[in-house]
Amino acid sequence: MSVSNTIQQLSVFLENREGRLDEVLKVLSAAEVNIVALSLADTSDYGMLRMIVSDPQKGRSALKEAGITAMLTDVVALRVPHATGSLCKAMHQIVEGEVNVEYMYAFANGSDAAAVLKSDDPARVIDILKGSGFDVYSADEAYRANQ
Amino acid sequence: MAKVTLSDWKEQIRTPEIECMSRDEMTALQSERLVKQVKNVYENVEFYRKKMDDLGILPEDIKSIEDIGKLPFTTKEDLRDNYPFGLLAVPQSKIARVQGTSGTTGKLTLASYTQKDVDVWGECVARGLTMAGLSAADRIHVCYGYGLFTGGMGLDLGAQALGAMAIPMSSGNTKRQLMCMEDFGATAFACTPSYALYLAEAAAEAGIVDRLQIRASINGAEPWTEEMRKKIESILNINSFDIYGLCEITGPGVAMDCIHHKGLHVYEDYFYPEILNPADQSACADGETGELVFTTLAKEGMPLIRYRTKDLTSIEHGTCQCGRTLPRIQKFTGRTDDMKVIRGVNVFPTQVETALLSMGGGVAPHYMMIVDRENNLDVLTVMVEVDEKYFSDEIRKLDQLKAKVGAVLKQALGVSARVKLVEPKTIQRSEGKAKRVIDNREL
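Just so you know, the protein sequences line up as chains V and Y, in that order.
For the first sequence, position 51 (counting from the first letter as 1) is numbered 51 according to the numbering used here, and the numbering increases by one without interruption.
For the second sequence, position 12 (counting from the first letter as 1) is numbered 159 according to the numbering used here, and the numbering increases by one without interruption.
In isolation and in its complexed conformation, chain V is listed as follows (with noise of 0.2 Å):
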């Protein structure tokens, strides 16, 4: 199984200043990227934003441009069927696994949900999931959930 399925997360380093995630979301705008997801963790000092968007090489082009610092990151969405315990059910298989979850947000995607999985190991998280009967979504239909 390749990592074709993995699919790429727009983080970006956000200092806790005035109007920074203003900035961010003004330039993505203006580059005409799409978000589709996003998750806003914060610290004492800084904050951290976490964003599926439509074209994640332009966005961070566009942010680099603009002198702030953005990275590319390996993340899976996993499909999540609206029915209790089914993400239940997906992360029990990755814990058996014993790939390492470092953090997770979701999104509704049309019926479903999508939850964004970052790990220590992509592809594995995918052989896990695909092999216990999940589905997980592509790039192509991640950049344009909803739409």
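Since the hints were derived computationally from the structure, they do not count as laboratory data.
Do not take every clue at face value.
Quick list of in silico lysine-lysine cross-link-like pairs, PhoX-like style, CA-CA up to 25 Å [claimed, not checked]:
no.: 1; chain 1: Y; residue 1: 572; chain 2: Y; residue 2: 536
no.: 2; chain 1: V; residue 1: 26; chain 2: Y; residue 2: 197
no.: 3; chain 1: Y; residue 1: 157; chain 2: Y; residue 2: 409
no.: 4; chain 1: V; residue 1: 64; chain 2: Y; residue 2: 544
no.: 5; chain 1: Y; residue 1: 572; chain 2: V; residue 2: 64
no.: 6; chain 1: Y; residue 1: 322; chain 2: Y; residue 2: 377
no.: 7; chain 1: Y; residue 1: 263; chain 2: V; residue 2: 58
no.: 8; chain 1: V; residue 1: 58; chain 2: Y; residue 2: 572
no.: 9; chain 1: Y; residue 1: 478; chain 2: Y; residue 2: 150
no.: 10; chain 1: V; residue 1: 89; chain 2: V; residue 2: 130
no.: 11; chain 1: Y; residue 1: 457; chain 2: Y; residue 2: 572
no.: 12; chain 1: Y; residue 1: 551; chain 2: Y; residue 2: 567
no.: 13; chain 1: Y; residue 1: 544; chain 2: Y; residue 2: 567
no.: 14; chain 1: Y; residue 1: 263; chain 2: Y; residue 2: 183
no.: 15; chain 1: Y; residue 1: 186; chain 2: Y; residue 2: 197
no.: 16; chain 1: Y; residue 1: 322; chain 2: Y; residue 2: 263
no.: 17; chain 1: Y; residue 1: 409; chain 2: V; residue 2: 64
no.: 18; chain 1: V; residue 1: 64; chain 2: Y; residue 2: 457
no.: 19; chain 1: Y; residue 1: 409; chain 2: Y; residue 2: 150
no.: 20; chain 1: Y; residue 1: 241; chain 2: Y; residue 2: 183
Assemble chain Y onto chain V, guided by the hints.
Structure of chain Y alone, referenced to chain V:
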């Protein structure tokens, strides 16, 4: 204990024959000592022989203290170049003690003392303690750090010379400090002014001020204001005094202020002060601000000729209301370099840079130091740029990096720093003289 008002104050002078000497007598004493010291360093310290030879100066050319301007300077860099024992004027076997401070490159500034130097040091501190109204009957609680730092040892030696009781607490653990202060019936305490204020407020909060027998505090090793002194005095109902010193010259006890607080009396029979124009090193007149330069007139172990402190101040030679003729240096108005005193520790921005470079990646050697005072204690924050290569989307990894930078800085500076990670390329780049320090303390 009751603070003594100026009208009720009975001035005590430990060595009136020195401290109240006429200007002519003092000049004669200084001249005699300088001539002897110059001969000594020329014969026994290669560094000075070479410097004097380069200037074409022979010991015979120095006939009185007025000739001091002919002599070469000594800088902190010279001390570093000759670290640790290159500037000794006696065989190493004669050295009784060393003391030091952290230096700019992770190396210490080390000072060596013969037993006589140690005795002179204690004597000078004892003069200061007497100036603070203390005597052999007093119990002096020393909460300066003991160790290579001169604070603890200096005050301890002073208490010994005075015949007083020394309580060697060292720094830290405020609760325990206050408990011992009360239980042992300390009548005076010595520490940095910021810690003194912190202790005073802690004592007030604990409601124990009335149970303390403290009547004086001796505070120095960092800059402080009149307002701070008045605050410490009013909370504890005591008299507070400013003590000054630097380990290169001897440690605390180079100068101290009297009850009139009109500047710090310099023990000029041992430490000859000059105030020099920073632009051309010409002598400043009384009242003019310039760089403070010291010559150790009687030091045996590591005598220093015209040591440039880089502290900016002015001097007054007029007789003080306390009766002393010893000249008074004013509170420092700044530095000729960018050194900062943080919680009594000398910190140079270059130390931060060296420490960041030593990490070999993770952060860029671009930084900004911010010094604040919170709850009367100095707080150093260092803003550091994350290296783009090490940037991670995982907070755990960034936190690890932050902790590592914190540990490296603490190791290098000898004082802990809050680390704040910032985005790459957001800190101003060097364009000639980049501003690397923001000092928000109002001193």
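Hinted pair residue 409 (chain Y) and residue 150 (chain Y), Cα distance within 25 Å: Given that 25 Å is the threshold and the Cα spacing comes to 18 Å, the pair holds.
Proposed proximity, residue 64 (chain V) with residue 572 (chain Y) (alpha carbon, max 25 Å): Holds, because 11 Å separates the two Cα atoms, which is no more than 25 Å.
Restraint check for residue 409 (chain Y) with residue 64 (chain V), where alpha carbons must lie at most 25 Å apart: 58 Å, violated
Restraint check for residue 64 (chain V) with residue 457 (chain Y), where alpha carbons must lie at most 25 Å apart: 43 Å, violated
25 Å limit on alpha-carbon distance, applied to hinted pair residue 64 (chain V) and residue 544 (chain Y): Distance of about 22 Å is within 25 Å: holds.
25 Å Cα cutoff - pair residue 263 (chain Y), residue 58 (chain V): Not OK: residue 263 (chain Y) and residue 58 (chain V) at ~74 Å, beyond 25 Å, violated.
Restraint status (C-alpha distance of residue 544 (chain Y) to residue 567 (chain Y) at most 25 Å): 14 Å, holds
Residue 551 (chain Y) paired with residue 567 (chain Y) [C-alpha distance capped at 25 Å]: The hint holds at about 12 Å.
Holds or violated: residue 26 (chain V) to residue 197 (chain Y), with C-alpha atoms at most 25 Å apart: Distance ~66 Å between residue 26 (chain V) and residue 197 (chain Y) Cα, so the pair is violated.
25 Å Cα cutoff - pair residue 241 (chain Y), residue 183 (chain Y): Holds, at roughly 19 Å.
Distance restraint between residue 478 (chain Y) and residue 150 (chain Y), which requires alpha-carbon spacing of 25 Å or less: 23 Å, holds
Proposed proximity, residue 572 (chain Y) with residue 58 (chain V) (alpha carbon, max 25 Å): With Cα atoms ~21 Å apart, residue 58 (chain V) and residue 572 (chain Y) stay inside 25 Å; holds.
Checked against the numbered hints above, the structure violates hints 2, 7, 11, 16, 17, 18; every other hint is satisfied.
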